[in-house]
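J.: Please build the complete structure, drawing on both the sequences and the hints.
To convert, note that position 149 of the sequence shown is 148 in numbering that gives the first Met the number 0; the numbers rise steadily by one, no gaps.
Check before you lean on any hint, since a few could be wrong.
Pairwise CB distance ranges (calculated) [as the list claims (entries may be wrong)]:
#1 T164 to R72: 26 to 32 Å
#2 D179 to A94: 36 to 42 Å
#3 A123 to P1: 23 to 29 Å
#4 S25 to R72: 34 to 40 Å
Distance condition first, Cα-Cα at most 30 Å in a straight line; then the derived DSBU-like pairs of lysine-lysine [unchecked claim]:
#5 K163 to K93
#6 K114 to K93
#7 K163 to K114
In short, the hints are calculated from the structure, not lab data.
Backbone N, C-alpha and C fix where the C-beta goes; we use that ideal spot for every residue, glycine too.
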Amino acid sequence: MPHRIHPSILNANLASLDEEIRRIPSADAVHLDVMDNHFVPNLTIGLPVVENIRANHPETFLDIHLMITDADRFAPAYAELGCESVTFHAEAAKAPIRLARELRRLGSRAAMALKPTTPIEPYADIITEFDMILLMTVEPGFGGQSFLDSVLPKIRRTRELVRKTGQEIWIQVDGGVSVDTIGRAAEAGADVFVAGTAVYRAGDPDAMVNQLRDLAITACAH
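T.: Shown next as structure tokens:
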């Protein structure tokens with residue numbers, strides 16, 4: 000099970016996105032948080048900015064995290080841009096299976112996100128419709144929050160559900176991921192880690208990407 004680090008640009012210098020993305024060449028993907036100030040109480044980037052990033056970084060794996068209402072309507076546009084992975088929230092999708100299949104049809108990986116208090120069990124029977132499950136380890140909306148250890152049991156349960164399918168479905172965690180928390184998340188079963196503050200507030204963001212990956216690998220080796 001490879002471990003992937005997807006730095007979030009939420010805590011980067013949004014006025015110099017191209018430069019900030021070039022500071023993390025060792026990253027497995029760039030995580031882009033799209034917020035609409037309705038689903039979450041914050042407003043960030045939207046489709047035009049993502050389109051510009053796609054054009055300027057054609058070889059970069061773009062991991063889109065949509066924290067927006069009416070995901071069924073808006074999510075496919077990001078797949079149409081050529082983004083490699085598009086995540087929508089279970090709480091914001093009226094027809095998650097149909098949406099996941101549409102994203103896959105358009106060539107993107109389809110992923111579903113759950114807030115910390117949203118259980119995984121209601122989605123157990125449809126988990127194979129997704130290429131990745133994102134388990135939020137903070138309440139979505141703002142960077143810099145503390146990791147919620149209360150989500151660790153849900154990570155373990157999700158890993159067990161994935162194991163039973165026999166398929167390769169990534170389990171991503173997002174929120175408060177740092178040198179102090181990534182080991183616990185990896186040990187619980189996560190294999191994709193979104194880190195914003197930890198990466199972009201480090202003296203050397205790319206070195207931090209590699210350090211985080213190494214810590215995740217070490218945690219699973221014991």
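J.: Kindly confirm whether 36 to 42 Å is satisfied by the beta carbon distance between D179 and A94.
T.: Holds, since D179 and A94 (Cβ atoms, about 39 Å apart) stay within the stated range.
J.: Please verify whether K163 and K93 have alpha carbons no more than 30 Å apart.
T.: With a Cα-Cα distance of about 26 Å, the restraint between K163 and K93 holds, given a limit of 30 Å.
J.: Within 34 to 40 Å: is that where the Cβ-Cβ distance between S25 and R72 falls?
T.: For S25 and R72 the Cβ distance comes to about 35 Å; the hint holds.
J.: Does K93 sit within 30 Å of K114, going by the straight-line distance between their CA atoms?
T.: holds, 16 Å
J.: Assuming the hint says 23 to 29 Å, is it satisfied by the Cβ distance from A123 to P1 or not?
T.: holds, 24 Å
J.: Straight-line Cα separation of K163 and K114 no greater than 30 Å?
T.: holds, 23 Å
J.: Using the Cβ atoms, figure out if T164 sits within 26 to 32 Å of R72.
T.: holds, 29 Å
The structure fails none of the hints (numbered hints given earlier).
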